[in-house]
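Relying on the hints, combine the two individually framed chains into one complex.
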Amino acid sequence: MKKRSLWKTLILFAVLGIISLFFLIPLIWVVASALRPASPLYEYANPLTWKSFIPTKPTLENFVHIFVNLNFGRAIMNSLFVSVSTIVLTVLVASMAGFALAKFEFRGKAALFTIVLITFMVPFESIVIPLYILIKQLHIDNTYWALILPGVANGLAIFLFRQFFSEVPSEIMEAARIDGASWFRIYWRIVLPLSVPAIVTVIVMVFMFQWNSLFWPLVATHSSRFEVVQVAIAVHRSTENTSWANLFSSAIAGSLPPVILFLFLQKYFVRGISGTGLKG
Amino acid sequence: MFRNNKVAWLFVLPALTFLLVFKIWPIGVSVIESLTMTSFTGTKSFVGFENYEYLFKHDPVFWKSFSVTLFYSIIANPLIVLTSLLMALLLNSSHFFTKFFRTVFFLPAAISFAVVSVIWMIVLDPYNGLANSFLTMFGFKPQPFFASPDQALWVLILLNVWRSSGYWMMYFLAGLQNIPETLYEAAEIDGASTLKKTFRITLPLLTRTISFVLVANTAFNFLSFAPVYIITKGGPMGSTNLLMYESYKSAFVNLDMGRASAITTILLGIILVFSFFELRFTRARFEY
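Line order of the protein sequences matches chains A and B. Letter 128 of the first sequence, counting from 1, is numbered 128 in my numbering, and no numbers are missing. Letter 66 of the second sequence, counting from 1, is numbered 66 in my numbering, and no numbers are missing.
Honestly, I wouldn't trust all of these hints.
To be verified - Some chain B residues near chain A, calculated using beta-carbon distances under 7 Å: (1) Met1; (2) Ile27; (3) Gly42; (4) Ala251; (5) Asn254.
Claimed, not checked - The calculated lysine-lysine pairs, modelled on BS3-like cross-linking and capped at a C-alpha distance of 25 Å, are: (6) B:Lys249 - B:Lys64; (7) A:Lys8 - B:Lys64; (8) B:Lys233 - B:Lys249; (9) B:Lys6 - A:Lys109.
Derived from the structure by calculation, the hints contain no laboratory data. We put the beta carbon where it would ideally sit given N, CA and C, even for glycine.
Chain B on its own, in the form it takes in the complex (with noise of 0.2 Å):
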C-alpha cells in the first residue's frame, strides 16, 4: 500500500464525478422526488410520504403489481441460479463437445432481451406458434401462453431462463476454473463418487460466485422490463405487470412522477434487502 493523498484523489476523481453526477445524484433525486406531488398546474409540492402511504393503503393495481413482482422474482431468481449453476457443472470438462456446447448455451443471453422478446412472442403465439405445433404434434393441447392471465407470468420466468442462464453460466465455469485440481484427484483416492465431490467440494468453493450471481440476478429480476413492455403490456389481467413497468407507465404515460419515483424508491429497498438477505442465507449455507 502506497501513501499518498493527492496522487490517489487525483486517480479517483475521475470515476468519482460520474458515479456522483449519473448515481448518487439520480438515487438522491429519485427519493425526494417521492415525498412530493405534482399539481394539474405543474407545481409540485412537498407531500411527506403521502405517495408511499396511498400506494399501500389505496392503489390495488400497485399492490397486484407488487405480489406480482415478488412471486415473478422469488421463483425466477433461485431457478436461474440452478440453471445456469447446473450446466456450468456439466460443461466443467474437457470433451470434444465442450466449447459447442457452451457456444450454443451462451447464444441467447447474446441477443437483447428486446429481440428475445419478440422472438418468444411469435413462437408461443396461441394460435399458430411454434409452441403450439409442437404440443400438436404430440398429442397435447395448445396452450394459450401469454393470453392467460395464469400462464402469462410462468411464461415471463420460462423466457428470462432462456436468456440469462447462459450469462450467469459464464460466470460459474470461471469461478470452477479456480478450484485446483488436486482437490478433486485427492477426492477420488478416497473413493469420493461425483455427487458427494459435487456437495463437498464444487459447491463450498464456489460459495462466492453463487452468491454473487444470486446478489446481481436479483437485481436484474426486479428490474425486468423489455419482456413485459414488448409482448404483455402487463396484462392479461395485470399478471405480468411488474413494478418496473407500472413505475415507467406511471412516469411517461400518466405523467406522475411522484407516484412512479416512490415505486422505484419501494423497488430499490425491495432489492437491498433480498440481496442482504441472500448474502447471508449463501453464508450460513456453504461457508465452513
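Chain A on its own, in the form it takes in the complex (with noise of 0.2 Å):
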C-alpha cells in the first residue's frame, strides 16, 4: 500500500463531512425533536439555535407513550412476523431453484429463467392491483398470508442464488453423489451451508422490502390487528390532530430494527452482493 499524503486524506474528509451533514441535519432534527416534551412542532426549527439539535431536557416520555398508549409494540410484532416469515419462505423457495438453475440441464429452463427474470424487472407495486383481486379470490384478504405469500416470489432473490450456486464446484456434488447422498441431502447439508453471504444478502433485501412496505399492508389489510409498522406510522398524518411527538417517535422506534440489522450485517452484505456475480 502506497503511503498517502495528509492532505490527501483531510481533504476526502472534509468531503465526505460536507456530504454527510446533508443526511444527518434533518436526521439530528428528528431525534432531537423526539426527545423533547410534546411541543409545538416547530418551537425549536424557526429560529435556527443549537437548541434546535440538543434537547435542553431530555427525555423517553415519548416512546414510552407510543408503546404503552397507542400499541405500537403490536404493529413491530407484526411487522417482525411478516418479515421473518417471508425471509424463511424466500431463502427455502429461491434457494432450492437457484440451486437447480446453477446445476441441473433440465427441460424448460430457457422458459423458467425469462420467468424469473421478468418477474424481477416487474416490481412489486405494479401489480398491486391484480394481486389485491387475487387475494380477495383466495379468501386471504385482511389476514398475515395476504402479507407474507406475495412477498415470497421473489425473481431477484432467485437470480442471485442462481449466480451464487454457478460458483460453487460441482465436484464436491457428485462425490456426495456417489457416497449415496440423496439431492436433498446435498442441497441442504452442502449447498445451503456453503451460500451463507448470499443468504444473508436475501435476508437484508427481503427485510427491507416487507419492513419498508406500506402501499401493500395498506390495500390488503384493514382491520388494526394487523397493521404493520409503516402504516401505524402513516396513520398519523391523515388524522387532524397529529401528535408530531408521537409521529417522530414511532418513526425513530419504526427504523431502529432496519439500522440495528444492517449495523450487524454490513460486512455480510457487501460480501453477499459481490459473490453473486454482480460485481463488474
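What follows is the structure, encoded as C-alpha cells:
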C-alpha cells in the first residue's frame, strides 16, 4: 500500500463530512424533537439555534407513550412476524430454484429463467390491483398470509442464488452422489451451508422490502390486528390533530430494527452481493 | 451440470408456483383488465383498446401525469446513480473514518420511504421548516418547496436522492471490492493519475454493477408512491402527480379499474423500454 499524503486524506475527510451533513441534519433534528416533551412542532425549528438540535431536557416519555397507549409494539411485532416469515420462505424456495438453475440441465429451463428475469424487472407495486383481486378470491385478504405470500415470489432472490451457486464447484456434489447422498440431502447439507453470503444478502433485501412496505399492507389489510409499522406511522399523518412527538418517536422506533440489522450485517452484505456475479 | 429432469423440477416447483400465482397471473390479469370497462351497474365488458385510446386522446390528467413521471425519472435516475457511485468511490478506501461515513450514508436507506416523506415534509415546511431557517440564517429568501408547482417535483427528486443514494452505494461498494488491487498498482507504476485510474480501470470494470443499478433504480423510480401519497397528494396543480399515484387514485378512489390497469400496463411498458435502452447504453459506453 502506498503512503497517502496527509492533505489528501484531510480533503477527503472534509468532502465526506460536508456530504454527511446533508444526510445527518434532518435526522438529528428528528431525534432531538422526539426526545423533547410534547411541544409545538416548530418551536425549535425557527429561528435556528443550537437548541434545535440538542434537547435541553431530554426525556423518553414520547416513546413510552406510543408503546403503552398507542400499541406501537403490536405493529412492530406484526412487521417482525411478516418479515421473518417472508425471509424464511423466500430463502428456502429461492435457494432451491437457484440450485436447480445453476447445477441442472433440464427441459423448460430457458423458459423458467425468462420468467425469473421478467418478474424481477416487474416490481411489486405495479401489480397491486390484480394482486388484491387475487387474494380476495383466495379468501386471504386481511390476513397475515396476504402480507407474507406475495413477498415470497421474488425473482431477484432466485437470480442471486443462481449466480452464487454457479461458483460452487460441482465436484463436491458429485462426490456426495457417489457416497449415496440424495439430492435433497446435498442441497440441505452441502449447498445451503456454503451459501451464507447469498442468504445474508437475500435476508437484508427481503427484510428491507417487507419492513418498509406501506402501499400493499394499506390495500391488503384493514383491521388494526394486522397493522404493520409503516401503516401505524402513516396513520398519524391523516388524522387532524397530529401529535408530532408521537409521529417522530414512532418513526424512530420503527426505523431502529433495520438500522440494527444493517450494522450487524454490513460486512456480510457487501460480501454477499459481490459473490453473486453482480460485480463489474 | 447434472441431468435429471425430475429432480430439477422438484427443486424448481415451489418457486415456480409462487412466481406464477403472485407475479405472472397478476401481470396477465392487469393486461386483460386494461381491455375492459366496468359500467355503473358493476358489469364488466370487453372494450379492446378503448381505455388506452381514451387515456391518450381525451385525458389531460393522464398526459400531465405521464409527462411529470417521465421528467421525474429522466432527472432522478442518472442523478441517483451518479451520487451513489460518487459516494462509493469516495468511500472505497480504508481510512479510520470510512466505516463511519458508510453507515451515515446508509442511514436514510434504512428508514422507510413513508418515514422519510414525513421527515422531509416537516423539514421543508414553507413557514417554519428547518430548511427555510437555514436559508434565512445565511441571508437567502425562504422558499415554498412542496407548496410551489415549480419546485415541488425538484424537491421530490432531491428527497429521492437523499433516501436512495446510500442503498445503491452498497451495490457499488460491493462491485468495487472485486476489482483486483494489482491493476491499480500497475497503473501507478506507469504514473497514472487518480482521475485516469477511475476512468480507465474502475468505471470499465464496474459496468455490470452500473447497468444493474441503473435498471433496478429505473423501475424503482417509476413506481414512486409513498412521498406523493404522504406529502403532496399529486399537487400542487398536478406537478407531482406521478403515474403510480394516478393509478392508485383511479383504482381505489374513483373505482375505475380499467383505467387504473391501463395506466399500470403503460407504466410497465415504459419501464421495459427504459431498461432496454439503459442496458444498451451502458454496454456501448463502458465495455471494451
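Outcome of the hint check:
no.	hint	verdict
1	Met1	holds (5 Å)
2	Ile27	holds (6 Å)
3	Gly42	violated (14 Å)
4	Ala251	holds (5 Å)
5	Asn254	violated (13 Å)
6	B:Lys249 - B:Lys64	holds (15 Å)
7	A:Lys8 - B:Lys64	violated (48 Å)
8	B:Lys233 - B:Lys249	holds (10 Å)
9	B:Lys6 - A:Lys109	holds (12 Å)
The structure is inconsistent with the numbered hints 3, 5 and 7, although it conforms to all the rest.
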